[in-house]
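There are 6 protein chains.
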Amino acid sequence: MPTDTKAMMDPRFTGMPTFMRAPYTTDYKALDIAMVGVAYDGGVSNRPGARHGPREIRNVSSMMRTLNPTTRTSPYDTCNIADVGDVPLTAMYDHAKTTDEIAAFYTKLVDAGVRPLTAGGDHSISYPILRAVAAKEPVALIHFDAHCDTWDEFQGSKFMHGAPFRRAHEDGLIMGEKTLQIGIRGSQIIPDGWDYSEAAGMKIIFMHQVEDIGIDGIVDMCRQTVGDMPVYLTFDIDGLDPVYAPGTGTPEVGGFTTREALSFLRGLRGLNIIGADVVEVAPPFDSSNITSLAGATMMYEILCLMTEALKGQEK
Amino acid sequence: MPTDTKAMMDPRFTGMPTFMRAPYTTDYKALDIAMVGVAYDGGVSNRPGARHGPREIRNVSSMMRTLNPTTRTSPYDTCNIADVGDVPLTAMYDHAKTTDEIAAFYTKLVDAGVRPLTAGGDHSISYPILRAVAAKEPVALIHFDAHCDTWDEFQGSKFMHGAPFRRAHEDGLIMGEKTLQIGIRGSQIIPDGWDYSEAAGMKIIFMHQVEDIGIDGIVDMCRQTVGDMPVYLTFDIDGLDPVYAPGTGTPEVGGFTTREALSFLRGLRGLNIIGADVVEVAPPFDSSNITSLAGATMMYEILCLMTEALKGQEK
Amino acid sequence: MPTDTKAMMDPRFTGMPTFMRAPYTTDYKALDIAMVGVAYDGGVSNRPGARHGPREIRNVSSMMRTLNPTTRTSPYDTCNIADVGDVPLTAMYDHAKTTDEIAAFYTKLVDAGVRPLTAGGDHSISYPILRAVAAKEPVALIHFDAHCDTWDEFQGSKFMHGAPFRRAHEDGLIMGEKTLQIGIRGSQIIPDGWDYSEAAGMKIIFMHQVEDIGIDGIVDMCRQTVGDMPVYLTFDIDGLDPVYAPGTGTPEVGGFTTREALSFLRGLRGLNIIGADVVEVAPPFDSSNITSLAGATMMYEILCLMTEALKGQEK
Amino acid sequence: MPTDTKAMMDPRFTGMPTFMRAPYTTDYKALDIAMVGVAYDGGVSNRPGARHGPREIRNVSSMMRTLNPTTRTSPYDTCNIADVGDVPLTAMYDHAKTTDEIAAFYTKLVDAGVRPLTAGGDHSISYPILRAVAAKEPVALIHFDAHCDTWDEFQGSKFMHGAPFRRAHEDGLIMGEKTLQIGIRGSQIIPDGWDYSEAAGMKIIFMHQVEDIGIDGIVDMCRQTVGDMPVYLTFDIDGLDPVYAPGTGTPEVGGFTTREALSFLRGLRGLNIIGADVVEVAPPFDSSNITSLAGATMMYEILCLMTEALKGQEK
Amino acid sequence: MPTDTKAMMDPRFTGMPTFMRAPYTTDYKALDIAMVGVAYDGGVSNRPGARHGPREIRNVSSMMRTLNPTTRTSPYDTCNIADVGDVPLTAMYDHAKTTDEIAAFYTKLVDAGVRPLTAGGDHSISYPILRAVAAKEPVALIHFDAHCDTWDEFQGSKFMHGAPFRRAHEDGLIMGEKTLQIGIRGSQIIPDGWDYSEAAGMKIIFMHQVEDIGIDGIVDMCRQTVGDMPVYLTFDIDGLDPVYAPGTGTPEVGGFTTREALSFLRGLRGLNIIGADVVEVAPPFDSSNITSLAGATMMYEILCLMTEALKGQEK
Amino acid sequence: MPTDTKAMMDPRFTGMPTFMRAPYTTDYKALDIAMVGVAYDGGVSNRPGARHGPREIRNVSSMMRTLNPTTRTSPYDTCNIADVGDVPLTAMYDHAKTTDEIAAFYTKLVDAGVRPLTAGGDHSISYPILRAVAAKEPVALIHFDAHCDTWDEFQGSKFMHGAPFRRAHEDGLIMGEKTLQIGIRGSQIIPDGWDYSEAAGMKIIFMHQVEDIGIDGIVDMCRQTVGDMPVYLTFDIDGLDPVYAPGTGTPEVGGFTTREALSFLRGLRGLNIIGADVVEVAPPFDSSNITSLAGATMMYEILCLMTEALKGQEK
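Heads up: the protein sequence lines correspond to chains A, B, C, D, E and F, in order. Here this note's numbering is used: the first residue of the first sequence is 1, the next is one more, and so on. Here this note's numbering is used: the first residue of the second sequence is 1001, the next is one more, and so on. Here this note's numbering is used: the first residue of the third sequence is 2001, the next is one more, and so on. Here this note's numbering is used: the first residue of the fourth sequence is 3001, the next is one more, and so on. Here this note's numbering is used: the first residue of the fifth sequence is 4001, the next is one more, and so on. Here this note's numbering is used: the first residue of the sixth sequence is 5001, the next is one more, and so on.
The set of hints was computed from the structure by calculation and includes no laboratory data. Any given hint might turn out to be false.
Derived DSBU-like pairs (lysine-lysine); straight-line CA-CA distance at most 30 Å [claimed, not checked]:
#, chain 1, residue 1, chain 2, residue 2
1, E, Lys4178, E, Lys4311
2, D, Lys3006, E, Lys4311
3, B, Lys1006, C, Lys2158
4, C, Lys2006, F, Lys5136
5, C, Lys2029, F, Lys5006
6, D, Lys3097, E, Lys4006
7, A, Lys158, C, Lys2097
8, D, Lys3158, A, Lys6
9, F, Lys5097, C, Lys2006
Predicted, not measured: the structure shown is a model, and the values here were computed from it.
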């Protein structure tokens, strides 16, 4: 079912800033894809502010339009897509409860057959989302990030934003050998996360290997690893270089350009992406909205991928 | 009829940024007061950007809550208030047509018995709003601003943002002797506006007179001049000092503090305010959201005034 | 015992940024006054970032020098003053544990006879500090702020930054009738905090009363209420107008100027201030270091007050 | 005739900010190349501010010096070059009249045998410039941009900044098959512009093709297409990635780096460039002058190209 | 002789940014008043950047127009006023030589009977200006500043920006008992400057005395002290509160508002001001051009004063 | 001897900001490597502010951790490394004296067998550092920069920041044919520096040659040129593109990315680097700390190189 895109014809500085100016609804039953905000940053280890991410990504996403320049098709032509608002939080100071609330919200979406595309929030939110999305069977994971996020804990918390994929792997939500971690870089105080990922069979593509492997090579690795499995795509904005994403909590120099990120994402066409998120956009550290624009654009491109995946499913 | 304020209980960085987090509706029939955005800055003579004002004021207005600390009452308890979105514009490059479109939109609101509270946009929008609000009879005008905005034209345009109250006066929409212009300052290239206002019988309170008159004195002048007439309140954010409102197109140093502005507005309690606007918030020139926060707060205080005016009417 | 101020003669952009460029030591036994950082903002309800406050206040406090222009004396001539670093936190995601850790740190200082002057952090830190400072007997409280911070809870947390003085009052750490709350303003969603403060006998000076009372009047109220009791002074930077303190989490327009704040603080000379804090400086929202400069200057003035209090004690 | 470059020896923060610190004159008769500002942004569809472009580019262009590091020659040695100020505008609210005024100004330059190098302003100004520059015969067009700018109209205006090259093509000012559009990307709401360009025979180099074609390949395409025809070079700063040009109205992620842009421009040496512009620098959205520095540098490189073209002509 | 003000009618974002958009000339013989830039900050003790002051003040001064709102007269109607550019510097790393170069430049102006109005630069430039302006006889000094600038030396330099008025007093260029220092505040590391000023008979108005004295009181003190002597007016932008002037090297909280500064300056009408400067505007630390706008406005008001002084002389 | 890295385990926003959170000591006798700040920018020719570099780099360097992701080793495991503070300056207005003071400080370090890693400061500081480091024998120089810095003088100064390597070469501190200058670009007013470098046998790698040579090619040139000679590595942050280093005094578009810079530095493993600096970080022109983060990361990588060099020496 197509989406009503009338609002997208208006001047882009007008109107209510829903994601992509898609319709806003809290009645998600009829949707193919729900765009969701998770305004939570209680899991950060350094600079907070990602709680403001969903609102700012919504704001800037008015820059997005319908037709993808590479495919000349619109995700809205074939899928019913809406902004379903933010996950309601009632205990934002309690990471464990918040994790449960997020998981519960997504479980309802998934149970209704709706695929979620999320704007975070810090990376800790991917764990509860995976609890919903991979509730029935483990999924493959394509993970774009400067950090493995498979550390065990920090300051006593196992839910913090450097740990979600360790938790997810421990819970059997993601398959180690079907997981790729792309863009890893930056110094570390202990090798724990790197070691865990490797021990779990995850494929780590360090940033200093990228020049040799190339974007096409990364795409090939992803496609071969994941095949036609259901795959969850998690895009940490700090996978981009800090110049393309200054507004984030844990920047590491030497990352991807947005041009590379677009090539990478477009290389994933046809994969069965059943859910995705764009996380760690922290507007208080941004300048000129560079980061939220990158985040919104990545969301749009992923939306196109998810739409194509759904079309592929129909066949 | 009270307003649903449930969304105002949520953390302020979550949810859709309607004005004050009031309900959003395009069906304004049942409303007492409609909050409207006019995302138009085609009338500026210097620095543009006020087209982004409604969206940023909406964003920051999530900081506003229900109970006014001076009255300990909530505007939402007695009035049905909503955000009705932005005036749809179809010819944003054509000032004359846009003026007509704005006037037409407000005429529908006024005809439905709804009082409008507007976030601009540049000051040129007050003229078409007045064409709707004062369609049946001329109104009094309380005009807070650094500039008289009674100039004749600039660069050949009679609709530009330095002229709305000359046009309104020429059209008989506002009564000269029932008009107060408060906060006027800054050098001028010709005395035309100052002269017109004075010739029209408008009371100009220059900023350099404020120390002597005092805020209470200004309030008294307003109350005595306006009495119980229907009054339109127009609040140009550049009436504030540039320090309190850097994000505006034509700043003039030596203006009001927000504390004085709050005292001034609170002094107007009980006046029959039938419509109001807050204009000239230009986010691209703002820093730390200082200006949009001032704008949002002034809107909230005016909303309280308008609610009380309506309650007074009922009696 | 005087303090070594040699480092304060160097160009202000050089050297390690301790508070005021005072000596740094973790051996606080011999000190009269310890300057402490509490880099914690887990209690904020809206915009985070105060965790970065201590570091930025330290940085900007290099602008401070020795001689106070109103007394022409230096706090360092009579007291042994040092920067003792930040409270070590081991469980930053757990508000209850963090509260205990902060209290434990300050208990050691207090037990050693050292008076603490703190840079926060969000306002939730004042409660554990009071648990140390008022452990033996309840203290008077002079509380400069836009908010009463006597709300009960938010999102299920009783430790959040709107609640510290309710907790402190419930625990008998502060005496209601010896508490003044100065600068209160801004709308609220429920009147709970205002009501609690009033019921507890606290003197609330709302901002809209300040024009009438005057700074001298506020000083008089403080002096008469507090007398020669031990008093804790808590200075929330959002008591200042947002123009003077844009870098804070919950700005409310219409606050104090720094000039008024200086007059106010200087009016407190001779009070027996046994501890103090400057909180809610959130650098990510600041611009041009305006807020951290205000914070650093207030700390310096309070340091002068605390030094004089100690000298008074000696007599 | 060489240019007086004495002012370029002074410290770069001193003196009047003419373009490149070249002489300022309104008497352009004796010039080879005139640098012109068009401070007009009445044609933007989204974020305004390019009206401030000429002034800020002038300001930052003091960073430019005489000798090009690749050729070790100076454009000022062989050509008489000056800043002739901004196009005087008398009807800035009226796009049609403004278009005529711009065209009239450039017609005088062209009639005097002076080649214009322009700093905009939004892209709508290229159409009236082409009306002057291509008045006698159609020209080839090398168009660097994220957008084709061959859309038909928006909000009822045929002069807006997404349409100049459609108008120019309709008027026979540019030859479709001699036009290259380089860097095109970003989603669109309708395919109209893409389709028009293709139907007109223009060569579109989409950004997602650039990795394959390479900068050298683009240069080859330009040289082969254009040959020794008179060519107009239009450089929309949003052809650069938003990271290199955040200060623009319609940023699209995934664009060129300045390094690529320099290689591209330097590849055009020897082409018969009879006029050029750098447009869409919008300082209110810039940070750290990144965009105006890029704009100024591109102008300098184009100035070198135009000088060489003139020398080539002489032979 | 009146000044050509034609350029001041144009849109304010266009044209070359001379001071106030006054004519630019290096032939100052026929002038009554010359506006001069001194782009030098080699004398700062802390944060540099005032070298960029003249250019940014010029840029923002386009906001200034002709008619003063308090007098409704224009300085340009009665005086020949121009921007004569920046003082050429040939040895910017050598403070002593630079001091001589500045003095030499102003001597030529003074010898030609031209009164200088200067935009700095740091405060060290006032000393060489005084060497020219007071060459024949000592002058009175009205000095608006947070600091006395009568310190002896710092880091071995007697020319640094905290010392100009000590040097000027030592040289007999200013009369101690005819000198007023207004707005002094902030802590100091040694009392040297305060002490020198007092010993020299200078009247120091500390900021903490201003509430009692009032602006009118300060004006009275100035008028009584100075009488009809020739007076030099030096306006350090850091006399303003950092909120009104964040872009400066040595901010001290608790300063004047621009409104007070305007009242103060307007109170000086009729004094025989033979020269003046506005110094210490440091654009790299500014935000939203707040400081340069304040600087430009103060320059405009002082220009009005200087014009009236000249008219008074004629009588 | 390993370094105490305990402080590096704490949350990164806490604690005193020493370089990398390494221990702070002024007793450098036992050190292998000393990290030093030189807060001096008296040599800049354009935009000042690098005096604030050491403090801001220290601040941001808390982001650095121990283990290098490419080697999985920590520099702190094998070397005794500390922050020894800033070079004390007593005559900051006198370039010649300051040069001597810097040289004297480093001489003491070198005489104690400590290798220095410096954060500047402008590039003029490299000359006095080389006077210490190369006192006994000339060294090879790997120089990453947009400018050759072999100009003779500017405004009469031979110590300014465009001249250090001319002075060093004239003094026989560096060997011309063992010097590489990498990343040179930007226009120049005279070819003096380029010519001197070439005449001295220095290898200049212009930026426009980099696409052809490649990073690996540059690394090869360095290794072949330098061999196992003692080499000094000087990293001017403006060698990076302005997008990666906006906070610098003399930006030139078209520079290196940080990713290339990391590859380049990592290619130098094993060279006998006896000293290094990172200069020209000017925080007042930075945004979002992009430049200081790049600077801190480069320092960390160079620290790893220096540690490996020392280990190599031991063998």
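Now for the hints, and whether the structure bears them out:
Pair hint Lys4178(E) plus Lys4311(E) holds up; C-alpha atoms about 23 Å apart against a cutoff of 30 Å. Between Lys3006(D) and Lys4311(E) the alpha-carbon distance is near 39 Å, which puts this suggested pair outside the 30 Å criterion. Our distance criterion of 30 Å between C-alpha atoms is met by Lys1006(B) and Lys2158(C), whose separation comes to about 22 Å. Distance check on the hinted pair: Lys2006(C) and Lys5136(F) sit about 35 Å apart at the alpha-carbon level, beyond 30 Å; violated.
For a cut-off of 30 Å, the pair hint linking Lys2029(C) to Lys5006(F) stands: about 23 Å separates their Cα positions. The suggested pairing of Lys3097(D) with Lys4006(E) holds, with an alpha-carbon distance near 22 Å, which does not exceed 30 Å. With a CA separation close to 16 Å, the supplied pair Lys158(A) and Lys2097(C) stays within the 30 Å bound. Between the alpha carbons of Lys3158(D) and Lys6(A) the distance comes to roughly 22 Å, so the proposed pair stays at or under 30 Å and holds.
Only pairs whose Cα atoms come within 30 Å are accepted, and Lys5097(F) paired with Lys2006(C) is accepted, the gap being roughly 22 Å.
Checked against the numbered hints given earlier, this structure breaks hints 2 and 4; the rest are met.
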